[in-house]
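With these hints in hand, go ahead and build the complete structure from the sequences.
Residue strings, one per chain:
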Amino acid sequence: MQKLTIDDLKKIKEQYAATFNLRQGGYKAKVTVHMGTCGIAAGARAVMNSIVEELASNDVKDVIVTASGCAGFCSKEPMATVELLGAAPVKYCYLNAEKMKRIFREHIQQGNIVEEYALVMGSETSY
Amino acid sequence: MKDLSLHILDIAENSINAGAKKIVLRIVEDPVKDLYSISVEDDGPGIGVDILHRVEDPFFTTNRKKKFGLGIPLLKQAALDCGGHFNITSNPGAGTTLFASFKLSHIDLKPLGDIGSTMLALICGHPEIRYVLFYEKGDFYYGFDTDELKEALGEAPVNLPEVLMSIRNSINESTGGRAAAMWKANE
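Going line by line, the protein sequences match chains B and A.
Note that the working numbering numbers the first sequence so that position 8 is 8, with each residue one more than the last.
Note that the working numbering numbers the second sequence so that position 159 is 286, with each residue one more than the last.
Hints are computed from structural coordinates only; laboratory data are not their basis.
All residues carry an ideal CB built from backbone N, CA and C; glycine is no exception.
One thing to keep in mind: the hints can contain errors.
[To be verified] One-sided excerpt, in silico: chain B residues whose CB lies under 10 Å from chain A: (1) I6; (2) G36; (3) V63.
Shown next, in the form of structure tokens:
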């Protein structure tokens, strides 16, 4: 990909203004990647990059990606929590870039939890 | 940690968790002095004198639910293993600066790695924070500041996926790219 230029930024700015009204409905899903020391050492950065790549290449605007700290399950890292609007959050463990892509396709886009990778359903406390 | 950019991500997360609003990352490769150094400077609440000498201890943490904190000790070990230095200076209320240096020619020096992905992860996870990146390699100089970017973007948020991808690719290209960042140091 080319270097980021002022023209690129202008283009993004204009595109954003054009689609702004569509965004007023808010986000339909939130992905939290656990970014403690344990998560980072196990590959959380690649997981986060993978989900952002998927969002960019599929032009998905209503999913927010964020980071949290260590959740206390260091041995199960990299982990991520996926929360669809109105549904209980699902924690996934032992992730990598490929698994995250499958979760994006099946859980975030189609609404089916990928049970194979899931650890638990329930709310998150980050500490 | 496989590479230095992962350490940088980890240390910057410490700053964010402490409540910093601005983080300055410096990466300097100086072949003349045979020195590689990274520093992470934040404007957070700082670390009190009573705790400052203990943060390098792997069995010290301020987290009540854990009994260890490995981020800082891992980087310290990486620096000392490469004949470098490590120190943290801080004053309560005046932020914290962490500095780690390495002997550039040392066989155990980890590559910088994918610094673009590190910046993506930081900006994506905490878009409200101002990140400044300085990268120096000999005479080459590169600077990146999210405030300048935010100004150019106007209303559009900095954590849009396409913006994040552009940032990552732009930084990696400017700093020699992902492949070039691997092991160039010891050529």
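To see whether the hints hold, each was checked on the structure:
The beta carbon of B/I6 comes within 6 Å of a beta carbon in chain A, closer than 10 Å, and the hint placing it at the interface holds. For B/G36, the suggested interface contact is upheld, since its CB lies about 7 Å from the closest CB of chain A, less than 10 Å. Evaluation of the B/V63 hint against chain A yields a held restraint, the C-beta minimum of about 9 Å falling below 10 Å.
Of the numbered hints given earlier, the model fails none.
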